[in-house]
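Student: Each protein sequence line maps, in turn, to chains A and B.
According to full-length UniProt numbering, the first sequence holds residues 1 to 140 in order.
According to full-length UniProt numbering, the second sequence holds residues 1 to 140 in order.
Check each hint, because a few of them may be wrong.
[As the list claims (entries may be wrong)] Facing chain A, according to a computed beta carbon distance under 10 Å, are these residues of chain B, among others:
| # | residue |
| --- | --- |
| 1 | Val7 |
| 2 | Thr24 |
| 3 | Val75 |
| 4 | Asp80 |
| 5 | Gly119 |
| 6 | Asp135 |
[Stated by the list, open to error] Among chain A residues calculated to face chain B with C-beta under 10 Å, some are:
| # | residue |
| --- | --- |
| 7 | Thr6 |
| 8 | Pro16 |
| 9 | Thr24 |
| 10 | Gly25 |
| 11 | His42 |
| 12 | Thr63 |
| 13 | Cys77 |
| 14 | Asp78 |
| 15 | Val85 |
| 16 | Cys93 |
| 17 | Gly107 |
| 18 | Val110 |
| 19 | Val127 |
| 20 | Gly128 |
[What the hints assert, rightly or not] Covered stretches of chain B, as calculated for chain A (at least 3 residues, CB under 8 Å):
| # | region |
| --- | --- |
| 21 | 13 to 23 |
| 22 | 48 to 58 |
Think of the hints as simulated: they come from the structure by calculation, not from any bench.
From the three backbone atoms N, C-alpha and C, an ideal C-beta is built for every residue, glycine too.
Protein chains: 2
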Amino acid sequence: MEDDVTVDFGADGLVPAVAQDAETGEVLMLAYVSAEALERTHETGRAHYYSRSRDELWEKGKTSGHVQRVEEIRVDCDADTLLYVVEQDGGACHTGHRSCFYRAIDGVSVGDTNGDSSGTMVDVENVGEQVFDPDAVYEA
Amino acid sequence: MEDDVTVDFGADGLVPAVAQDAETGEVLMLAYVSAEALERTHETGRAHYYSRSRDELWEKGKTSGHVQRVEEIRVDCDADTLLYVVEQDGGACHTGHRSCFYRAIDGVSVGDTNGDSSGTMVDVENVGEQVFDPDAVYEA
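So here's chain A without its partners, still in its complex pose (with noise of 0.2 Å):
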């Protein structure tokens, strides 16, 4: 059954985008994606998103070299979540690990109790598998 769907960008023109390898099935990271970034990931193969921080599509591992290749886009069920399916080459962190998700969560401690967040702290054991070494595939 084919269908359209509007996909609901929101305010800010952006949603977000799970990645996930398709051979082990682990979710590798999480970046957000503009209609350009998706357009461009569906036409090209490779994967794009949109960086809030330097405001700005960018393609996995443009500087890497650690591209994915993506075999299926999809969309959730409100249209405002897409899931990327792909093939990683070498690791999808900066950190060098394989998935962004290398910290697992031991412990909650939340910071005070009238409802501001910013002192909610986690204690965290690494648990990913790094697969390069940052400082030689990023140095300038």
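Given chain A's structure and the hints, the job is docking chain B onto it.
Tutor: Showing chain B alone in chain A's frame:
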């Protein structure tokens, strides 16, 4: 290696959280989490989120019975996204599908070229598995 991390809940006090099926690796949904929702999830072992539309904390499955038992919580490199690794009862999606990402994108057409993303349409194909009847589960 244990470490302390401050979760970056951002201006609106929320971070996106990806829920992944612990057994199959399937990406089930994305929703938003407040500091309180994270604390409750960690305390109870059941996934809690914060609804932006209803403006309230919610426990997944409270109405439908389709709860998520959280095996692990991960935090990403920038500490602004969470990953819930869960045992999912029934289906994660209110449409009756196992995953909210039940539609694959076959085509992308950007509405106009002046940067307005509101007209961006995608052609989708339903590739997901429906595991329950939403009318039966959510009836008044």
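Student: Taking the earlier hints as the rules, which of them does this structure contradict?
Tutor: 6, 12 and 22
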